[in-house]
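**Q** Sequence:
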Amino acid sequence: MTSFEHPSLLRLIGSVFYDWFILIGVLILAGFIPVTISHYTLGRDAIEGGFPAVLFWLWNLSIVTLYFVGFWRTKKQTVGMRVWRLHIETDPVEGDNAHAISWRQGLIRFVVALPTWGLALIGILWRYTDAERRSWADRASQTRLLYTPKSKKKA
18 MTSFEHPSLL
28 RLIGSVFYDW
38 FILIGVLILA
48 GFIPVTISHY
58 TLGRDAIEGG
68 FPAVLFWLWN
78 LSIVTLYFVG
88 FWRTKKQTVG
98 MRVWRLHIET
108 DPVEGDNAHA
118 ISWRQGLIRF
128 VVALPTWGLA
138 LIGILWRYTD
148 AERRSWADRA
158 SQTRLLYTPK
168 SKKKA
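Last residue of the sequence shown: 172 (the numbering used here), numbering continuous.
Derived by calculation from the structure, the hints in this document are not laboratory data. Possibly wrong hints are sitting among the right ones.
[Stated by the list, open to error] In silico lysine-lysine, DSS-like type, Cα no more than 27 Å apart, as pairs:
#1 Lys169 - Lys92
#2 Lys92 - Lys167
#3 Lys93 - Lys167
Computed from a predicted structure; not experimentally measured.
When you get a sec, could you build the whole thing from the sequences and use the hints?
**A** Pasting the structure below:
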């Protein structure tokens with residue numbers, strides 16, 4: 018039987034930084050598509066202000082959203098979370114086991130988590146004042162973030 022624990026702040030921050038390093042590369046590669054379209058349709062080498070810039074921001078936001086929500090939905094964890102042995106699952110309902118989160122739960126979690134990281138980690142630090150050690154994103158999406166410690170090998 019695998020036991021789960023609540024993750025430390027260091028693990029949370031470590032997994033987020035790991036994921037953002039991956040996302041920077043993904044966003045650079047994904048950015049070639051709108052920049053190329055802009056070059057051939059508008060005759061510009063860069064996306065400048067106005068409507069094309071708004072579309073570019075929406076494109077990047079959709080890439081980031083799909084990265085996090087897609088991995089949470091299919092694997093219960095992102096690449097960075099896997100390295101730090103973290104995973105997300107639904108709150109177990111009475112008589113039901115926890116399972117992978119839905120697309121809706123993932124989107125709610127993502128939308129709530131974004132500002133909490135921007136507000137000096139207030140939503141994340143909230144987990145240390147919460148009786149169940151759950152963040153605002155956990156509560157809003159009815160999910161929980163857990164840490165799986167390494168299993169001790171028997172000699």
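**Q** Hint check: Lys93 vs Lys167, CA-CA at most 27 Å. Holds or violated?
**A** holds (18 Å)
**Q** Sort out whether Lys167 lies within 27 Å of Lys92, counting only the CA atoms.
**A** Holds, at roughly 19 Å.
**Q** Does Lys92 sit within 27 Å of Lys169, going by the straight-line distance between their CA atoms?
**A** holds (24 Å)
Hint violations for this structure: none, all hints satisfied.
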